[in-house]
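One letter stands for each residue in the lines below.
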Amino acid sequence: MAAPVDPLQPPTDAGKARPPKAGPTASVTPKRSSGASDAIFFIVMGGLSACFVLLILLLLAADLRFTTFADFQAALLKPEIQAAFRLTILTCTTAAILSLWVATPFGYLLSRYKFPGRWLIDTIVDIPMVLPPLVLGLSLLILFHLPFGDWKLESWLREDVGFPVTYRWPAVVLAQFSVSCAFAIRTMRVTFDQINPRAEDVARTLGCSRGQAFLQIALPQAWRGMLAAGTIAWARALGEFGPILVFAGSTRFKTEVLSTSVFLEFSVGQLDAAVAVSLLMVAMAVVVLLVLRGLGTGMAT
Amino acid sequence: MIELRNVTIRAGNYRLEKISFRVEAGQYAAIMGVTGIGKTTILEAVCGLRRIESGNIFIGDIDVTHWSPADRKLGYVPQDLALFPTMTVREHLEFAMRLRRTVSQQREARVAELSKLLNITPLLNRKVAKLSGGEAQRVALGRALSFQPSALLLDEPLSALDSATRTAMQELLRDVNRQMGVAVLHITHNEQEAAAVSDVCIRLTRVQPHEALQITAAPTRRGYGEPG
Chain A
102 MAAPVDPLQP PTDAGKARPP KAGPTASVTP KRSSGASDAI FFIVMGGLSA CFVLLILLLL
162 AADLRFTTFA DFQAALLKPE IQAAFRLTIL TCTTAAILSL WVATPFGYLL SRYKFPGRWL
222 IDTIVDIPMV LPPLVLGLSL LILFHLPFGD WKLESWLRED VGFPVTYRWP AVVLAQFSVS
282 CAFAIRTMRV TFDQINPRAE DVARTLGCSR GQAFLQIALP QAWRGMLAAG TIAWARALGE
342 FGPILVFAGS TRFKTEVLST SVFLEFSVGQ LDAAVAVSLL MVAMAVVVLL VLRGLGTGMA
402 T
Chain B
784 MIELRNVTIR AGNYRLEKIS FRVEAGQYAA IMGVTGIGKT TILEAVCGLR RIESGNIFIG
844 DIDVTHWSPA DRKLGYVPQD LALFPTMTVR EHLEFAMRLR RTVSQQREAR VAELSKLLNI
904 TPLLNRKVAK LSGGEAQRVA LGRALSFQPS ALLLDEPLSA LDSATRTAMQ ELLRDVNRQM
964 GVAVLHITHN EQEAAAVSDV CIRLTRVQPH EALQITAAPT RRGYGEPG
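In order, the protein sequence lines correspond to chains A and B.
Be aware that the first sequence starts at 102, since it is given in my numbering, and climbs by one per residue.
Be aware that the second sequence starts at 784, since it is given in my numbering, and climbs by one per residue.
Hints in this document: simulated from the structure, not taken from any laboratory.
Some hints here could point you the wrong way.
Label-pair distances were calculated between CB atoms; the ranges are [stated by the list, open to error]:
#1 Trp220(A) - Asn796(B): 16 to 24 Å
#2 Glu807(B) - Arg219(A): 37 to 45 Å
#3 Ala912(B) - Asp294(A): 15 to 23 Å
#4 Ala912(B) - His246(A): 49 to 57 Å
#5 Val387(A) - Ala943(B): 39 to 47 Å
#6 Trp220(A) - Gln975(B): 42 to 50 Å
#7 Gly795(B) - Asp294(A): 17 to 25 Å
Here chain A is said to cover these stretches of chain B; the calculated rule only asks that three of the stretch's residues, wherever they fall, bring their Cβ under 8 Å from a Cβ of chain A [what the hints assert, rightly or not]:
#8 829 to 838
#9 844 to 855
#10 863 to 873
Partial list, computed: chain A residues near chain B (C-beta under 8 Å) [what the hints assert, rightly or not]:
#11 Ser150
#12 Arg299
#13 Asp302
#14 Arg305
#15 Leu307
#16 Gly308
#17 Cys309
#18 Ser310
C-beta atoms are modelled at their ideal positions from N, C-alpha and C, and glycine is treated no differently.
The shape of chain A in the complex, shown without the other chains:
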């Protein structure tokens, strides 16, 4: 093959000596490839992705195959399971709302402002996501019972405030909140990153304070992200188990939530009931995921 001649280049001496022939240089006729490489691409990429989808589907199928509708119904009619269901809904919702209250301003600050130590704050937010759940629960327990001289947080809450936390429902909420808030903050940060800060700048030239620009310009644009963050926080709270077990215990009718129900039923050999509760949680998770999809934010990760 002769080297292609660039028509924009001034002719060189070599070019003068040997003028380009019309033949090989002009032969740029398109040639269709077999398409085999495309096929391999899709088979490899699709095949690997399918493995994971298959795994999840098989897990769900196995659960369904294991239990019967009668078992499922029987388990759900148990008063302790119903109490756990109610407590789960209440605590998850409380944790999600609290998370959103913290995550919206926090995400906004992280997205809009550069301040010294921001990388540190950013890293601290990620800690609950990577920490083993049991460690988080243990840390909460220790924090509430560590004596500072004569003073203990839990004793102070119990005696002076009249609101004991450990081994009660507030402990469930706090354990859920510690993890779900981290996810909500991440989501809100991405949300505000995607909102053009220039609009808030212009609002400030029009007479807004920073607070007014946040409330009147940024927040109305962030509602989708807030719904997504709330849903993610809720779903994380639903799946929370380790910290709840350590920090709130698993007392029937008192601090038992569905994730601890599965563990309790399983540990006393009631596999049917454990699977039935698991399926209930799968159904709840699917509803949450569908809501997320419906919002079309694509920020579920």
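Dock chain B against chain A, hints included.
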């Protein structure tokens, strides 16, 4: 009147040093210079969105160097317009007046006046997402003018327009400048546009990347022709 005295701005890894110029009340100034020389940065500093390292900025003989953007009362139209996606055109025009708690009668009168001037009356109840480039620019201009600012800062406001709309908008800007007596700082890349609208042209040049910025202000043809 807008005046910059020895203003130094740090922006990322470059620095704009000792910028001084003055635009009188009612004067229309074009700011020209190659891309990346810092025109937008200067405009942001004037409206208070960017902190300056040293020097002073005056608006109408008042030193506003350390004032918040809200207090400076400048109408700013950024290059990307930055309209508010959740609001209608009417809400854009009302926004600054609502913040100032203008009574509703006055507000409505002002919206009617502005929308007529900018020819956007039929758009008042529309959201901004589907506006054309020219419509969006007029809305941004209306929003900046709504609270009767002491000066108007325009960052390539006519860049996205076809030539017919552009000419119409140039006349409009000129009218606004004449009728309302506001000083205008108008960034443009277009010599013809600068000549068509401005009284004075402020040119930013820099021979070498690390040399100090040179600023020359010269009356444009239009400026010679009409009394300032």
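message = Under 8 Å is the threshold here; is the Cβ of Ser150(A) close enough to any Cβ of chain B for the hint to stand?
response = Check failed: Cβ of Ser150(A) comes no nearer than 34 Å to chain B, outside 8 Å.
inquiry  = Tell me if the beta carbons of Trp220(A) and Asn796(B) are separated by a distance inside 16 to 24 Å.
reply    = Because 19 Å falls inside the window, the suggested range holds.
inquiry  = Hint Arg305(A) vs chain B: min CB-CB distance below 8 Å?
reply    = Since chain B brings a Cβ to about 4 Å from Arg305(A), closer than 8 Å, the hint holds.
inquiry  = Using a Cβ cutoff of 8 Å, are there at least 3 residues of the segment 863 to 873 of chain B near chain A, or does the coverage claim fail?
reply    = holds (count 6)
message = Between the beta carbons of Val387(A) and Ala943(B), is the distance compatible with 39 to 47 Å?
response = With Cβ atoms ~46 Å apart, the hint holds.
key: Ala912(B) versus Asp294(A) beta-carbon gap, inside 15 to 23 Å or not   = Since Ala912(B) and Asp294(A) have Cβ atoms about 20 Å apart, the given range 15 to 23 Å holds.
query = Would the stated hint for Cys309(A) survive a check requiring a Cβ distance to chain B of less than 8 Å?
reply = 6 Å, holds
message = Quick check on a hinted range of 37 to 45 Å for Glu807(B) and Arg219(A), using CB atoms only.
response = Once the Cβ atoms are compared, 43 Å apart, the range 37 to 45 Å for Arg219(A) and Glu807(B) holds.
ask   = Ala912(B) and His246(A), beta-carbon distance inside 49 to 57 Å?
value = Given about 55 Å between the Cβ atoms, the range holds.
inquiry  = How does the segment 844 to 855 of chain B fare against chain A when you require at least three residues with a CB closer than 8 Å, holds or violated?
reply    = As far as the segment 844 to 855 of chain B goes, the hint holds, because 4 residues have Cβ atoms under 8 Å from chain A.
query = Taking 8 Å as the C-beta cutoff, is the stated coverage of the segment 829 to 838 of chain B by chain A satisfied by three or more residues?
reply = It holds, with 3 qualifying residues against the three required.
ask   = Per the CB criterion, is Ser310(A) less than 8 Å away from chain B?
value = 6 Å, holds
Of the numbered hints given earlier, the model fails hint 11 alone.
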